[in-house]
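Enquirer: Required output: the full structure, derived from the provided sequences and hints.
Chains A and B are the protein sequences, given in the same order. Under full-length UniProt numbering, the letters of the first sequence match residues 1 to 372, in that order. Under full-length UniProt numbering, the letters of the second sequence match residues 1 to 57, in that order.
Treat the hints as calculated values from the structure; they're not laboratory data. Beta carbons: idealized from backbone N, C-alpha and C, even for Gly. Do not take every clue at face value.
To be verified - Here are a few chain A residues that face chain B, going by a calculated C-beta distance under 7 Å:
| id | residue |
| --- | --- |
| 1 | H80 |
| 2 | T84 |
| 3 | V87 |
| 4 | E209 |
Unchecked claim - Across the chosen pairs, the derived CB separations fall in these ranges:
| id | chain 1 | residue 1 | chain 2 | residue 2 | range |
| --- | --- | --- | --- | --- | --- |
| 5 | B | I51 | A | E253 | 51 to 59 Å |
| 6 | A | A261 | B | A56 | 52 to 60 Å |
| 7 | A | A76 | B | G31 | 48 to 56 Å |
| 8 | A | K177 | B | A56 | 16 to 24 Å |
| 9 | B | I51 | A | V325 | 48 to 56 Å |
Residue strings, one per chain:
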Amino acid sequence: MRKMLVLAALMASVTGLSRAARAAGWNMPVGVTEVSRDVYGLHMVIFWICVIIGVIVFGIMFYSLFRYRRSKGAQAAHFHEHTTVEVFWTAIPLLILVAMAIPATATLKDMYDASEAELDVMVTGHQWRWHYHYMGEDITFFSNLDTPREQIDGTAEKGENYLLEVDQPLVLPVGRKVRLLMTSSDVIHSWWVPDLAVKKDAVPGFVNEAWTRIDEPGIYRGQCAELCGKDHAFMPVVVQAMEQEAFDTWLAERKQEAAAAASGVDREWKLEELVERGEKVYGSICASCHQADGQGTPPTFPALAGNQAMMDDLDWHIDVVVNGVSGSAMAAFSGTLNPVDLAAVITYERNAWGNETGDVVQPAEIQALIDP
Amino acid sequence: MWEVVKSVLSAFFGVQREQRRRRDFEQGKPGTFIVVGIVLAMLMVIVVMAIAIMAAG
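Expert: Shown next as structure tokens:
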């Protein structure tokens, strides 16, 4: 009777503890996809197998230490081998491992089966932001960190989603199989969202596949999971899952925006317009290396404010931004920014922080350079 | 020969009786154990591959 009570109390405290651990965020999330629930289930099964093994092994060990201690006159046994016991304790772990491998392999096979996807999204890692391309929909955009600089510098109170918020999240429909094609433009990154149980390396020159089918609308946050340089911690992943109807509306809006952005290429832009637009582009793309005040962090990221070589040679400046500098940290932006944004940011750099060249770079010039 | 196979298999498993180990070291030639070991290792690879192909198919 007493033993039963002790056992019941033990069970109650164990379940209470595991519930508290989950509530406190110590455990991994159950997530919102079938795969993430499978992964969580596997994790818990294996965890409890480990707990049971630990209790048995340490129980026997501590009991033996106590029961057969020398002060009670215990004598050590001297024998060299015991084949039956050895076979026994080799076979049991083998069986346990095989028993764990069967459901784990089934889940892995499921995770790797990206066939029959209804939507393809190309995910490209950049230093230090993610880029999304909805294949066949002609929609592409960068997803930049949106945490205010003041919070990072510690001069303002940190927000709830500190370093886990972006200006434009990856928007996906619920209930549809989405294939994610991962690659990188510079170094190895890793796209990780715990609630989706997706974590896949983005490797330059390779395309890795992953897939997800989200069950519930909501916002799911993750991070880059492969150390990728200075701002590795500042390139979060945010996925916004919405109902099919809302997703279609969003898609149509994005297409209109893209068309509006492209239409600006042909017309003549004024200096003020370009500087205003360029400041925004600079803030989200360039400032992480060259700093908001244009001072850079020499010698790796040169200062742009007061950069005489840059101001003297307009063509060279355009070439550096459009085509990058091979062998340095400066990436080519012709594939990732549209001609209007490129013209705007170059114009901004030539007319900000006391760089008073007065130069205006027209989007049409950039267009002609990229697409002769 | 059968005794050599049994010794190699128990080496794969990691458990061997002391008296058998002693006998193998006194009577056996290293060459036979190496050859049987390589052949059985290849056999194991084939068996594992066959199981994997069956499970995947």
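Enquirer: Determine for every hint whether it applies to the structure shown.
Expert: Now the hints, each set against the structure:
Interface restraint check: H80(A) against chain B, minimum CB-CB distance 6 Å, threshold 7 Å, status holds. Interface hint status for T84(A): violated, as the beta-carbon distance to the closest one in chain B is roughly 10 Å, over 7 Å. A least Cβ separation of about 5 Å between V87(A) and chain B falls short of the 7 Å threshold, and the interface hint therefore holds. Here the hint on E209(A) is broken, as its CB sits about 17 Å from the closest CB of chain B, past 7 Å.
Checked against the hint of 51 to 59 Å, the pair I51(B) and E253(A) passes, with Cβ atoms roughly 52 Å apart. Checked against the hint of 52 to 60 Å, the C-beta distance between A261(A) and A56(B) comes to roughly 47 Å, which is inconsistent with it. Our hint of 48 to 56 Å for A76(A) and G31(B) is violated, since their Cβ atoms are close to 41 Å apart. Roughly 21 Å separates the CB atoms of K177(A) and A56(B), a value that falls within the hinted 16 to 24 Å.
With their beta carbons about 53 Å apart, I51(B) and V325(A) fall inside the hinted range of 48 to 56 Å.
Of the numbered hints given earlier, the model fails hints 2, 4, 6, 7; all others are met.
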